[in-house]
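Trainee: Now for the letters of each chain:
2 protein chains.
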Amino acid sequence: MKKLLDQVENIVDDALDGLVWAFPQYLQRVPGTHVLARVEPKGASKVGIVSGGGSGHEPAHGGYVGYGMLDAAVAGEVFTSPTPDQILEGIRAANHGAGVLLVVKNYTGDVMNFEIAQDLAAEEGIQTQTVVVNDDVAVEDSLYTTGRRGIAGTIFVHKIAGALAESGAPLESVRDGAEQVIHNVRSMGFALTPCTVPAAMQPSFTLTDDEMEMGIGIHGEPGTHRQKVKPARELADEILHQIASDLALKPGEDIACIINGMGATPLVELAVFAKDVAQWFHQVQVNPKFVMMGEYMTSLDMAGASLSVLRLTGDMTQWLLAACDTPAWRQGVRHDQ
Amino acid sequence: MKKLLDQVENIVDDALDGLVWAFPQYLQRVPGTHVLARVEPKGASKVGIVSGGGSGHEPAHGGYVGYGMLDAAVAGEVFTSPTPDQILEGIRAANHGAGVLLVVKNYTGDVMNFEIAQDLAAEEGIQTQTVVVNDDVAVEDSLYTTGRRGIAGTIFVHKIAGALAESGAPLESVRDGAEQVIHNVRSMGFALTPCTVPAAMQPSFTLTDDEMEMGIGIHGEPGTHRQKVKPARELADEILHQIASDLALKPGEDIACIINGMGATPLVELAVFAKDVAQWFHQVQVNPKFVMMGEYMTSLDMAGASLSVLRLTGDMTQWLLAACDTPAWRQGVRHDQ
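Same order as they appear, the protein sequences are chains A and B.
By the count of the working numbering, the first sequence reaches residue 337 at its end, each step adding exactly one.
By the count of the working numbering, the second sequence reaches residue 337 at its end, each step adding exactly one.
Honestly, the hints are just simulated from the structure, not real lab data.
Pairwise CB distance ranges (calculated):
hint : chain 1 : residue 1 : chain 2 : residue 2 : range
1    : A       : ALA248    : B       : ALA200    : 39 to 45 Å
2    : A       : GLN202    : B       : ASP176    : 51 to 57 Å
3    : B       : ALA323    : A       : HIS96     : 29 to 35 Å
4    : B       : LYS250    : A       : GLU172    : 55 to 61 Å
5    : B       : ASP85     : A       : PRO251    : 38 to 44 Å
Ideal placement from N, C-alpha and C gives every residue a C-beta, glycine not left out.
My request is simple: use the sequences and hints to build the entire structure.
Mentor: This is how it looks when you write it as structure tokens:
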């Protein structure tokens, strides 16, 4: 496997510097850490939002730092949880006196390290709340989790919690809003090719020329089953059926969705897949009010995609549409429904 | 090779439908054509801007349709020039009575078909001007061109011509602004892996596990030479040296740049590469005022990157910073220099 890198051991450090250089109006690096924090001034009474996890999922999470989403993102090594001391640095950077919400994806290492960091923050008098995202319907337990994994649905949690925080909502309300999203979002993905962790330089698994893996996570961990490569339409049907069943989605309901590329999927293919997703929603009479298509939560150089569906309840649409400006957020709106 | 597709012969049609569905606030399809046109109202006196070319380069060109860039984008089949009748449809959609600028990348088929379309438009009384982008410094003539190829530097032409048009400038001024960009922009790219045209299902060329191709175009056409894979820093040096020589770039000059992923390059690697680019500019004392990093002009599933450097002359910075809202444009600004 070939990578565009300098020293493989410096990949996270180098990439964080590159991101700050490319997006200086949004991002600054907390000196001596793997934390990217917001540049622009924030109100003193605003709840801070921190997310993070292993690297290799770019633009997650640094790409979501900015107005209306995260105050700080903490980057671990590739596919490795950030350490508690780094997470604590992120909490400190995000704290403006009104408390900090930690948005954690459900992986054993992340959950444990964010918990420790939360304890350390408490010792410093920083009030925190944690939500754990577990949107992946593919598997109940997995290689790295007890319970379901957290994947691209996390972006909706960032957005809605971020908008609530920006509006001046107190910590408990921001947490409750995030919990509402977690309660109503489901995701599932597939891989056409494996991904290769730079330090390993060997693919995390192998697939033959006509095989794919369904229900894959974002770390190259196994999915639910292997199958022959199917047309995009059948993949959309298979995934959306599983998501809709789990959500108990009913005709007439309003939803938001993310059509997410896994890192090496050409945009032209993702656009074809989007057409199939649109047709499925139309057939089952579900109303996509808010559509996002692009690379939002990747898995290094994996080819494949994931779908995330959020049932829109309460004020969610308002918070999804609220002003937001970060390197990787793209406003997505359906005007015609 | 595995692709996320339905019928391979429908890839362009399906992808255009998917793009319109995902970005309805920007894009509409001219019925019965492969043309994506702007949704939002435009002033009657505005010069129209049309670009286009083969598909497989997404987000080019549909992703640049919207306020401050293109009025219409014409999509050919994968890596194939759009036909003159389709280009004519694009010109019609972009024409509001003040004439239309055609932004063409220098490939023999594109140049010929845009010329024919221009003649057809003249017969309908639509005034047009054409500019041909030839920013690739790698090769003088190539498999598909006489003279240099047009690649990712085209995005700067779209942006600056689009901003001029939006400001109410007449057709000749918009064309002159575009020519100024073409005169001052240079690009060069490389591939770590080949790309695979869906209908062919075989890579367009082969590279061994430790080989890369320098000076590659955006269609899998040959570059200047093959070499062992080098660290990102050496690739940045090699490419920027060639670009800067060709541009006769001098210390103290202001530039804009695009760090462009070719389709299958993970963002974490592109960020590492960006750091190296930043260091090179710093060493040669060139001032990057405007930085863009991401996928702007791709080559299907090719892993690799290209760099584009624009010398900022006259009012270019103003037009780069002018308001713009399209699916794929991201404002990139250096605040600190």
